[in-house]
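If you want the building blocks of each chain, they are given just below.
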Amino acid sequence: MSIAPESYIVRGATGDWEIVVGLEVHAQVTSKAKLFSGASTTFGSEPNDNVSLVDAAFPGMLPVINAECVRQAVRTGLALGARINRYSRFDRKNYFYADLPQGYQISQFSDPIVGEGEVHVELANGASKAIGIERLHLEQDAGKSIHDQHPRMTLVDLNRSGVALMEIVSKPDMRTPEEAGAYLKKLRTLLRYIGSCDGNMEQGSMRADVNVSVRRPGAPFGTRCEIKNVNSVRFVMQAIEYEAQRQVDIIEAGGTIDQETRLFDPNKGETRSMRSKEDAHDYRYFPDPDLLPLEFDEDFIEAARQSLPELPDAKKARFTHEWGLAEHNAATLVGEKESADWFEQLIDELVAKTGQPIAKIAAKASNWMLSDLYGHLNKAGQNITQCPIDPARSAALLALVLDGTISGSAAKDVLEDMFATGRDPLVIVEEKGLKQVSDTGALEAMADQIIAANPTQVEQYKAGKTKVIGFLVGQVMKESRGQANPAVVNEILAKKLGSS
Amino acid sequence: MSVDKATVERIAKLARIRIEDHRLAPLAGELNQILGWVEQLSAVDTDQVKPMTSVVDHALYWRDDVIADGSKRDEILANAPAAEFGFFAVPKVIE
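Sequence order for the protein chains is Z and C. So in the numbering used here, spot 379 of the first sequence is number 425, and the numbers just go up one at a time. So in the numbering used here, spot 62 of the second sequence is number 873, and the numbers just go up one at a time.
Careful, some of the hints might be misleading.
[Unchecked claim] With a cut-off of at most 25 Å between alpha-carbon atoms, the simulated DMTMM-like pairs for lysine to aspartate or glutamate come out as follows:
{"#": "1", "chain 1": "C", "residue 1": "K824", "chain 2": "Z", "residue 2": "D334"}
{"#": "2", "chain 1": "Z", "residue 1": "K274", "chain 2": "Z", "residue 2": "E462"}
{"#": "3", "chain 1": "Z", "residue 1": "K190", "chain 2": "C", "residue 2": "E895"}
[Claimed, not checked] Now the in silico label distances, taken between C-beta atoms and shown as ranges:
{"#": "4", "chain 1": "Z", "residue 1": "N275", "chain 2": "C", "residue 2": "A891", "range": "37 to 43 Å"}
{"#": "5", "chain 1": "Z", "residue 1": "V56", "chain 2": "C", "residue 2": "A889", "range": "55 to 61 Å"}
{"#": "6", "chain 1": "Z", "residue 1": "G58", "chain 2": "C", "residue 2": "K861", "range": "50 to 56 Å"}
[As the list claims (entries may be wrong)] Computed from the model, here is a short list of chain Z residues facing chain C with C-beta under 10 Å:
{"#": "7", "residue": "A79"}
{"#": "8", "residue": "F82"}
{"#": "9", "residue": "F89"}
{"#": "10", "residue": "L99"}
{"#": "11", "residue": "I111"}
{"#": "12", "residue": "R117"}
{"#": "13", "residue": "R138"}
{"#": "14", "residue": "P147"}
{"#": "15", "residue": "P197"}
{"#": "16", "residue": "L201"}
{"#": "17", "residue": "L337"}
{"#": "18", "residue": "L338"}
{"#": "19", "residue": "P339"}
{"#": "20", "residue": "D436"}
Everything labelled a hint here was simulated from the structure, so no lab data went into it. Idealized CB from N, CA, C, for every residue including glycine.
Isolated chain Z (complex conformation) (with noise of 0.2 Å):
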């Protein structure tokens, strides 16, 4: 398989242009107390409810580090097959703002803990591509400043700062806005799988930096700019296809590119510069003489790796290869850590109700789960983590329809039923009189009634159009009230025809 993936051309006035994206992603880690401090990183607390006297920088106070941070971040590296060093350090990034009690904020600038990795996405064409990880960094974040509450005040929380992020630096690889947001949905679902960050975009646990510029095809790089927090995925493709377009139309009317830091508007779908700080680039890095270096052995490292799950990539290979599910299915499926569990829940229990082998129900079940089962999700406006049906009963519904007891229509019937209601499935099968008809006996009286009012179809099939069974196996079928079972009918019919 070797799709290439589609390229995305800004077609300007004077000839085409290409785009380049860079993404740096914040991730909140998660962890119970801050990077170097012992308060609470709970989201929604009482303002500066969440403050020790470290985060607040109060005079003498000294950081020291926390454990799990990391290790969190060690084993984000591990999952984004990237180079583990085992020696770091940490810098101060100083700049000078209300909610940044410190004047500076501790970060990794020339030793980071997680060097050089990979990401390998898919695209809706069905290429594959792998984007570059420049290197992940640990930092703390900064606090909340509300400006709109008090006529002249601006007020600030101090819950969020000193709480642990993981800057994740990509290399400038994207060269579409698709690329870009393929990117952030599979570090998203990295993140969510290893439970080193909640993904959560809403909450702000997760937010991207995207840089772009654009060029001729295959010329050097143009200059960047950099759109700050952008919070969801699709707020970064759409901020990158403005920002690529309002670049090419500068350079096209014989300006030049700023290299700047801009807002993306999600109202306005547009980016605006962010004017004010002409000296905020200058952040004067140095290592900070409170911390000493980061080291840690092979140990850690391996402990880090063993404690890993099973990684999406890994993860839909197997749904593939040995559970012989469709390509699509998979993807789908291991998008995201919840439908993946359920999915390998479902079919726990349907191997334990039929005793069959996986490989011969994971792709009925797969195929099941998304059309039909999401089909109902879907029109409630719900997720799989607020299914009213639980893989077991799920399992249950699907057995019957494997053993014959009831039709695949029924089935439908059946579903609506326990969506609903959340009824056994049996129950209401036998409420509502929908097993098949496999009894040879009843059906075969039907197929001779069958045979003998269809005259015609009979010597079209004796003649060679064995075609037509379809349409006699539709007739019995109609005869049962949907009741009989289409397989046994087919065999009896053959039988009959071919005997006579």
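Since the structure of chain Z is already known, use the hints to place chain C on it.
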């Protein structure tokens, strides 16, 4: 390495320290003396010396992931020039 008056002005601005104009040139001189004094270290051959990251021969201390601090808003805000509704209140920051 040396700094001029403009550099001193810029550093002061970044650090939000107000320095009167007439103090800039003398400060540049003082800073250059300090830099020159430190610069003497470059005369020493350090090719075979490992970078010294700290004066104490110690490994970084690691803390367990336990909530052991916080819930002291009154103490945190006690010295704030202004506080409102449990927040620090600062002059309005206009973006």
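Hint check:
As the CA atoms of C:K824 and Z:D334 are separated by approximately 22 Å, the hinted pair is consistent with the 25 Å bound. Restraint check for Z:K274 and Z:E462: the C-alpha separation of about 45 Å exceeds 25 Å, so the hint is violated. Distance hint between Z:K190 and C:E895 is fulfilled; the C-alpha atoms sit about 14 Å from each other, no more than 25 Å. Distance hint for Z:N275 and C:A891: a CB-CB separation of about 27 Å, inconsistent with the stated range 37 to 43 Å.
Distance hint check: the CB atoms of Z:V56 and C:A889 are about 56 Å apart, consistent with the given range 55 to 61 Å. Under the hint 50 to 56 Å, the C-beta atoms of Z:G58 and C:K861, about 54 Å apart, fit the expected range. With its C-beta approaching chain C no nearer than about 5 Å, Z:A79 sits inside the 10 Å limit, and its interface hint holds. At a threshold of 10 Å, the smallest CB-CB gap from Z:F82 to chain C is about 8 Å, leaving the interface hint in force.
A hinted interface residue such as Z:F89 counts as satisfied when its beta carbon comes closer than 10 Å to some beta carbon of chain C; here the least separation is about 14 Å, so the hint is violated. The beta carbon of Z:L99 comes within 7 Å of a beta carbon in chain C, closer than 10 Å, and the hint placing it at the interface holds. For the restraint placing Z:I111 at the interface with chain C, the shortest Cβ-Cβ distance is roughly 6 Å, inside the 10 Å limit, so the hint holds. For Z:R117, the suggested interface contact is upheld, since its CB lies about 9 Å from the closest CB of chain C, less than 10 Å.
Restraint check, Z:R138 versus chain C: the minimum CB separation of about 13 Å is more than 10 Å; hint violated. With its C-beta approaching chain C no nearer than about 9 Å, Z:P147 sits inside the 10 Å limit, and its interface hint holds. A hinted interface residue such as Z:P197 counts as satisfied when its beta carbon comes closer than 10 Å to some beta carbon of chain C; here the least separation is about 8 Å, so the hint holds. Hint status for Z:L201 relative to chain C: holds, with the closest Cβ pair at about 4 Å, below 10 Å.
About 7 Å separates the beta-carbon of Z:L337 from the nearest beta-carbon of chain C, less than 10 Å, and the hint is met. Given the 10 Å rule on beta carbons, the hint for Z:L338 holds: about 4 Å separates it from the nearest Cβ of chain C. The interface hint given for Z:P339 holds, since its Cβ lies 5 Å from the closest Cβ of chain C, which is under the 10 Å cut-off. The closest approach between the C-beta of Z:D436 and any C-beta of chain C is roughly 33 Å, which is over the 10 Å cut-off, so the hint fails.
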